[in-house]
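Participant: Once you have looked at the hints, place chains D and X on chain H.
Residue numbers (our numbering), protein chains in the order written: chain H, 1 to 328; chain D, 1 to 281; chain X, 1 to 451.
Hints may contain errors.
[To be verified] Each computed BS3-like pair below joins lysine-lysine, with the alpha-carbon atoms no more than 27 Å apart: (1) H/K226 x D/K34; (2) D/K104 x H/K226; (3) H/K318 x D/K135.
It is worth saying that the hints were derived from the structure and are not from the lab.
None of the values given here were measured: they were computed from a predicted structure.
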Amino acid sequence: MKILHHPAFHQWQSQFSSTLFWRKQLKQSLLTFSGLLVFVLCWQLASSQIQTSLGQFPGPTQAAAQWSQLVDEYQAEQQREDAFYQRQLERHAALLAADPQAELPNLPYRARPTFFSQILTSLQTVLTGFVLASLIAIPLGILIGLSSNLYQVFNPLIQLFKPISPLAWLPLVTLIVSSVDLSAAWGSRSFVVSVCTVMLCSLWPTLLNTAVGVSQVPQDLLNVSKVLRLSWWRHLRIIVLPSAVPMIFTGLRLSLGIAWMVLIAAEMLAQNPGLGKFVWDEFQNGSSNSLSRICVAVLVIGLLGFALDRLMLTLQRKVNWDKSAVSR
Amino acid sequence: MQKTHLELTQVGISFPTEKGPFVALQNVNLHIKKGEFVSLIGHSGCGKSTVLNIVAGLHQATAGGVILNHKEVTEPGPERAVVFQNHSLLPWLTVYQNVELAVKQQSKGKKTKAEIRDWVEHNLALVHMSHALDKRPGEISGGMKQRVGIARALAMQPEVLLMDEPFGALDALTRAHLQDSLMEIQAQLNTTVMMITHDVDEAVLLSDRIVMMTNGPAATIGEILTVDLPRPRHRLQLADDPTYNHYRHQVLSFLYEKQRKVEDLGSKRAEKQQQKTQASA
Amino acid sequence: MRRIALTLLLGACCLSQAEAAVAEKTDLRLGFVKLTDMAPLAVALEQGFFEDEGLFVSVEAQANWKVLQDRVTDGQLDAAHMLAGQVVAASAGLGSQARLQTSLVLDLHGNACTVSKDIWQQVPAAQKSATGQAQSASVLQTTLNAYAEQGKTMQFGTVFPYSSHNYELRYWLAAGGIHPGFYAPEQGDNSGQLQAQLLISVTPPPQMPATMEAGTLQGFCVGEPWNQQAVQKGLGVVLVTNEQLHGAMAEKVLGVTADWAKANPITHIKLIKALLRAGYWLDQNNNANRAAAAKMIAQPHYVGADVGILSRSMTGTFEFEQGKTSQQQDFNVFFRYHATYPFYADAIWYLSQMRRWGQIAEVKDDSWYLQQAQQVFQPEPYQQAAAELITEGKFKATDFVDFKTASLTRPGKASSFIDDKTFDPAAPNAYLQQFAIGQQSAAQIAATAKN
Numbered sequence: 001m002k003i004l005h006h007p008a009f010h011q012w013q014s015q016f017s018s019t020l021f022w023r024k025q026l027k028q029s030l031l032t033f034s035g036l037l038v039f040v041l042c043w044q045l046a047s048s049q050i051q052t053s054l055g056q057f058p059g060p061t062q063a064a065a066q067w068s069q070l071v072d073e074y075q076a077e078q079q080r081e082d083a084f085y086q087r088q089l090e091r092h093a094a095l096l097a098a099d100p101q102a103e104l105p106n107l108p109y110r111a112r113p114t115f116f117s118q119i120l121t122s123l124q125t126v127l128t129g130f131v132l133a134s135l136i137a138i139p140l141g142i143l144i145g146l147s148s149n150l151y152q153v154f155n156p157l158i159q160l161f162k163p164i165s166p167l168a169w170l171p172l173v174t175l176i177v178s179s180v181d182l183s184a185a186w187g188s189r190s191f192v193v194s195v196c197t198v199m200l201c202s203l204w205p206t207l208l209n210t211a212v213g214v215s216q217v218p219q220d221l222l223n224v225s226k227v228l229r230l231s232w233w234r235h236l237r238i239i240v241l242p243s244a245v246p247m248i249f250t251g252l253r254l255s256l257g258i259a260w261m262v263l264i265a266a267e268m269l270a271q272n273p274g275l276g277k278f279v280w281d282e283f284q285n286g287s288s289n290s291l292s293r294i295c296v297a298v299l300v301i302g303l304l305g306f307a308l309d310r311l312m313l314t315l316q317r318k319v320n321w322d323k324s325a326v327s328r
Numbered sequence: 001m002q003k004t005h006l007e008l009t010q011v012g013i014s015f016p017t018e019k020g021p022f023v024a025l026q027n028v029n030l031h032i033k034k035g036e037f038v039s040l041i042g043h044s045g046c047g048k049s050t051v052l053n054i055v056a057g058l059h060q061a062t063a064g065g066v067i068l069n070h071k072e073v074t075e076p077g078p079e080r081a082v083v084f085q086n087h088s089l090l091p092w093l094t095v096y097q098n099v100e101l102a103v104k105q106q107s108k109g110k111k112t113k114a115e116i117r118d119w120v121e122h123n124l125a126l127v128h129m130s131h132a133l134d135k136r137p138g139e140i141s142g143g144m145k146q147r148v149g150i151a152r153a154l155a156m157q158p159e160v161l162l163m164d165e166p167f168g169a170l171d172a173l174t175r176a177h178l179q180d181s182l183m184e185i186q187a188q189l190n191t192t193v194m195m196i197t198h199d200v201d202e203a204v205l206l207s208d209r210i211v212m213m214t215n216g217p218a219a220t221i222g223e224i225l226t227v228d229l230p231r232p233r234h235r236l237q238l239a240d241d242p243t244y245n246h247y248r249h250q251v252l253s254f255l256y257e258k259q260r261k262v263e264d265l266g267s268k269r270a271e272k273q274q275q276k277t278q279a280s281a
Numbered sequence: 001m002r003r004i005a006l007t008l009l010l011g012a013c014c015l016s017q018a019e020a021a022v023a024e025k026t027d028l029r030l031g032f033v034k035l036t037d038m039a040p041l042a043v044a045l046e047q048g049f050f051e052d053e054g055l056f057v058s059v060e061a062q063a064n065w066k067v068l069q070d071r072v073t074d075g076q077l078d079a080a081h082m083l084a085g086q087v088v089a090a091s092a093g094l095g096s097q098a099r100l101q102t103s104l105v106l107d108l109h110g111n112a113c114t115v116s117k118d119i120w121q122q123v124p125a126a127q128k129s130a131t132g133q134a135q136s137a138s139v140l141q142t143t144l145n146a147y148a149e150q151g152k153t154m155q156f157g158t159v160f161p162y163s164s165h166n167y168e169l170r171y172w173l174a175a176g177g178i179h180p181g182f183y184a185p186e187q188g189d190n191s192g193q194l195q196a197q198l199l200i201s202v203t204p205p206p207q208m209p210a211t212m213e214a215g216t217l218q219g220f221c222v223g224e225p226w227n228q229q230a231v232q233k234g235l236g237v238v239l240v241t242n243e244q245l246h247g248a249m250a251e252k253v254l255g256v257t258a259d260w261a262k263a264n265p266i267t268h269i270k271l272i273k274a275l276l277r278a279g280y281w282l283d284q285n286n287n288a289n290r291a292a293a294a295k296m297i298a299q300p301h302y303v304g305a306d307v308g309i310l311s312r313s314m315t316g317t318f319e320f321e322q323g324k325t326s327q328q329q330d331f332n333v334f335f336r337y338h339a340t341y342p343f344y345a346d347a348i349w350y351l352s353q354m355r356r357w358g359q360i361a362e363v364k365d366d367s368w369y370l371q372q373a374q375q376v377f378q379p380e381p382y383q384q385a386a387a388e389l390i391t392e393g394k395f396k397a398t399d400f401v402d403f404k405t406a407s408l409t410r411p412g413k414a415s416s417f418i419d420d421k422t423f424d425p426a427a428p429n430a431y432l433q434q435f436a437i438g439q440q441s442a443a444q445i446a447a448t449a450k451n
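Only chain H is shown next, with the shape it has when bound in the complex:
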């Protein structure tokens, strides 16, 4: 009951009861909706004009049909899984009936990747790669930013590696990963290859932005630190890092966007069972449904990339003290 008296609640309540608020929301929704509608109409029109060797280019209706197909396949897979476990129970019963002391092998169901499990795999892979990249890029960026000598040393290397495409990294990464003896704990080889490729391609924006943010701490604040005689560690923690946070987050956001793009390409070649593999397999199948399914995947990839960016933005807004920094 206390919450009802809290000033923030009153503020929220008054916001909601104001017609101005609702009108603004309505306007925003209409604009967004009309934009999407125009896109869908253009898509429908364009698709009816394009003929490919796999048939007519799919329009929104075909894509929607394939979407429900994918959902059906997912449900069918769930049923297969249930049936498998049912059979396993029956097998166990039979074994027990024959020999009450028998050891019951409890085998897990080897699920076939469904579209939704592939989405999950992609997300897992991209987040792992991104987190690893950040763990490397941020400390290294801080070190480089603090020392202009280190910057001179590292900058040529960074500029050399930054433009390398993931497709060029892949064979090298694949060979290295193949030669290393991986225990099961690391995950499958294709997962490791994808993660490494994502990491190699996405760490550069964070690295550079962190270095720049750290090196651009205003001289006045550095003077304050000197007068206060802050230790190196406190100087870093209290002055440098908070000052650099907006730039770091800009870098992180860019890195995440790149990581997502690179992931799809890496998955196609490394055969990691994610969305990239889905698109590649559908292309290989060359069935009359393939294009529609690829369209569904393309839209989902876009939506997920958008969602990841929004996530990063929310995080940035929470941490960012600099209200003037661009946050859209």
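Facilitator: Chains D and X alone, transformed into the frame defined by chain H:
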């Protein structure tokens, strides 16, 4: 006689440039006693901030040295607290936290949590900022930020308070309030203050001595004026005081007659015209 | 209630018999490339043959033959649907350091050579065969010459340097008097295009129709459903199937590494048993189950192509040209004619073709061929699997070849070649001497190297 608290001896600084060394300051000699309020005044670019930075330890003098309490000054430290021109508050900390940072850094385990809190609040009360403890610098005005800057410097209980045009960006009323507060604080704490200012009235009102600097390059101390006005000083009373005005006159004449820097545009144009006619003739 | 208990008890007895020897590894991953002849793997999974053996298998599509081979070699895949040629080549040390072997042939033939519609239209009507099938490559001569005059070269596609398709394409071209090119690996030239009249390059099977449509390839040799897809889209015309080219020949095999086979002998046998049952099911009752099989592999995680296209070759209605179908009952053979037994003759033939085109750089004596074949094709696990299946009553002894008297060559339907050359596996060098185009002697090899 009070012993010399802060000594600047033959201080000079030159910066290496492509065209050869640029001597910014030369032969600056100054002895400041404990509790003295000294203003540095001069035209822009004459090196006043440089002198302050050298005393603060933010710049290293290339000639001569600075001694505080018989110890040489080589690096910055809280005993020579600085109030910067640009408040320099940490934008991600609140007003309270900004001052607390200085206190914590300086007291280093000598104070309990309660004592720290009290001390921070005391200093903020001194500058009349008690109502804005939890605000961030982005949410308060320039004058308020400067007050917090002063509170932070004071909270370090410095031997010397160094102020680099602290009231330059403020409006007249705020400035007046802060000047009064500063005089009050100084009377209370007997802090040695070195302040840079452009404002002649301010210099005469606040200082015990006014150091007038010559123009750069190779700027040095031109004249030192002792302001012998009794404390506490009240601006309204002093406005009609002849001694006060005399001091003002002396400072102004130094700045605008003996160290004329700003040439009037008209005379320069006339000079150029003359040269042209001479050449074509 | 009693009936259920009885069924369970009987089931338990059968199960316990089957699982009497415990498999070393029950959780398996098999790889395949999207071609119709991966059907035995799909069938074994869907019909529960793997589970009957106590194996829990997942079947995963691979991007191309190279990736598949790499993943088998480094252990990510336990076994795979592999090209007979690539297993033979790897074992002979060509293109890989892997030691691969096989004990089970998955199918016979099942490939075809297709040329683009444009090319076909340029062939003079007089040269086109009456049946529209089993065309000699000589029909391409006129077009080749036309291309040469314009300074262009024809490009043909194959799926892998060591695949049956590569050898079949080259055989067919050479039989028609066209030089397909030599390899010179000792000189570092692995393009296979030395002295070639047309250029052969590698493309993954699913991309063949698209590449033909783009005009990059004028022809290819590939497995199904890609030929039928090219025909159905009006992109190309099939000129010859490899059954017409060389008769019965092992096409795909169940490839494993030698180490894996050594470490998991019982698992290997169980795998073979399940796949034998699958092959049998596919050919049962005169291919009665083929339509169901086509539907099975039409699922996106298997081959994924349209059911209609898959059914064609699977059920034996093969379309050579758009609108012209013919019955090719034995286009794919999964069990009939002792298809599944690894006869050394097939391995020797592949080796001979590798020698013919220079992938094997030196002349080897006849005994070398047999030695290599014996290293790659290991019939023992097959024989044990067959024995177990017979004991379990799932098969009769007559379903299999007589192991004691099995010779090098497949009995019954022998290999018969489009150019009527005879192949004696015991004398591969003599065999190679018959060909006008091909590297026969040491002198010729040296001559190629100089060019």
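Participant: For every hint, state whether the structure bears it out.
Facilitator: Hint-by-hint comparison with the structure:
For the suggested pair H/K226 and D/K34, the alpha carbons sit about 24 Å apart, so the restraint of at most 27 Å is met. With a CA separation close to 15 Å, the supplied pair D/K104 and H/K226 stays within the 27 Å bound. This hinted pair checks out: H/K318 and D/K135 have alpha carbons roughly 17 Å apart, not beyond 27 Å.
Hint check: no violations occur; every hint is consistent with the structure.
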